[in-house]
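All chains should be modelled from the sequences, with the hints used to inform the complete structure.
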Amino acid sequence: EAGVAQSPRYKIIEKRQSVAFWCNPISGHATLYWYQQILGQGPKLLIQFQNNGVVDDSQLPKDRFSAERLKGVDSTLKIQPAKLEDSAVYLCASSLTPTSEETQYFGPGTRLLVL
Amino acid sequence: AQKITQTQPGMFVQEKEAVTLDCTYDTSDQSYGLFWYKQPSSGEMIFLIYQGSYDEQNATEGRYSLNFQKARKSANLVISASQLGDSAMYFCAMRETLYSGAGSYQLTFGKGTKLSVIP
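For the protein sequence lines, the chains are A and B, in the order given.
Okay, so the first sequence: first residue is 1 according to the working numbering, each after it adds one.
Okay, so the second sequence: first residue is 116 according to the working numbering, each after it adds one.
Honestly, the hints are just simulated from the structure, not real lab data.
For clarity, every value in this text was computed on a predicted model and none was experimentally measured.
Hints should not be assumed to be uniformly reliable.
[As the list claims (entries may be wrong)] Some chain A residues judged to face chain B by a derived CB distance under 10 Å, without partners named: (1) ARG9; (2) ILE13; (3) TYR35; (4) GLY40; (5) ASP56; (6) GLN59; (7) PRO108.
[Claimed, not checked] In the DSS-like style, the derived pairs of lysine-lysine whose C-alpha atoms are separated by at most 30 Å in a straight line are: (8) LYS44/A x LYS229/B; (9) LYS229/B x LYS83/A; (10) LYS226/B x LYS188/B; (11) LYS78/A x LYS15/A.
[What the hints assert, rightly or not] Covered, in the sense of this in silico footprint (three residues per stretch, anywhere, with C-beta under 8 Å from a C-beta of chain A), are these stretches of chain B: (12) 156-168; (13) 225-232.
Just so you know, even glycine gets a beta-carbon here, dropped at the ideal spot from N, CA and C.
Here you go:
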């Protein structure tokens, strides 16, 4: 079974530029998550989708971050304009259902460096 | 207040020895889940083990076991017979129920413990 796919793996941009990340979850997984992991910290949830609807985006900086999951499968996360503090690893995860005991499976992440 | 506390920023263990990574949590939920993930230098978060709040038995998965003490709100990970490939960051995480009516179950992570296995 294929795991969660993410691209690109690495991205370097200058501040105020825009950037987009792509995620394809495990086949059949209805729930998709985007996390931000700053160096030396644990991942922090940015947004959670259930199929193509947003369940929780309370920690998403909506003035610059946006995300969509139009067909309920793959998803894109965009930052526009980027700030220096956005340098982090962006992890995508998916789970079969959003229940409390359901395991989230993570992709390899996209490492973003903003100069 | 932190919901997940991992007090050991770094740990060393001799190959083939056992090691315990500490994790304490804070929640007022009655139903919650506790997870441990491994993150090698490649960056991917690898699921290791899960413990539900109502599970009476401690979870085990191969060389990994979870020492769950509900009254003390601790969920320590025990790795037996350490291997060189166990060198990585280890994260404890908790899933609570967000009573938003939308079924969100946010996963909250600790800051992690860096484990180094010495040959």
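Hints and how they fare:
Here the hint on ARG9/A is kept, as its CB sits about 9 Å from the closest CB of chain B, short of 10 Å. Interface restraint check for ILE13/A: the shortest CB-CB distance to chain B comes to about 19 Å, outside 10 Å, so the restraint is violated. With a cut of 10 Å, the hint placing TYR35/A at the interface with chain B holds, because the nearest CB-to-CB distance is about 8 Å. Because the closest C-beta pair between GLY40/A and chain B is about 7 Å apart, less than 10 Å, the hint holds.
With 10 Å as the threshold, the beta carbon of ASP56/A comes within range of chain B, its nearest partner Cβ sitting at about 4 Å, so the hint holds. Satisfaction of the interface hint for GLN59/A is found here, the shortest Cβ-Cβ separation to chain B being roughly 9 Å, below the 10 Å cut-off. At its closest, the beta carbon of PRO108/A sits 5 Å from a beta carbon of chain B; the interface hint therefore holds under the 10 Å criterion. In summary, the hint linking LYS44/A to LYS229/B is supported, as the alpha carbons are separated by about 18 Å, within the 30 Å threshold.
A C-alpha spacing of about 28 Å is found between LYS229/B and LYS83/A, which places the hinted pair at or below 30 Å, so the restraint holds. Under the criterion of a C-alpha separation no larger than 30 Å, the hint pairing LYS226/B with LYS188/B is consistent with the structure, at around 17 Å. Using a Cα cut-off of 30 Å, the hinted pair LYS78/A and LYS15/A holds, with the two alpha carbons roughly 14 Å apart. Counting residues of the segment 156-168 of chain B whose beta-carbon sits less than 8 Å from any beta-carbon of chain A gives 8, enough to reach three: the coverage restraint holds.
With 3 residues having a Cβ less than 8 Å from any Cβ of chain A, the segment 225-232 of chain B passes the three-residue criterion, so the hint holds.
In summary, the structure is inconsistent with hint 2 from the numbered list given earlier, while agreeing with all the others.
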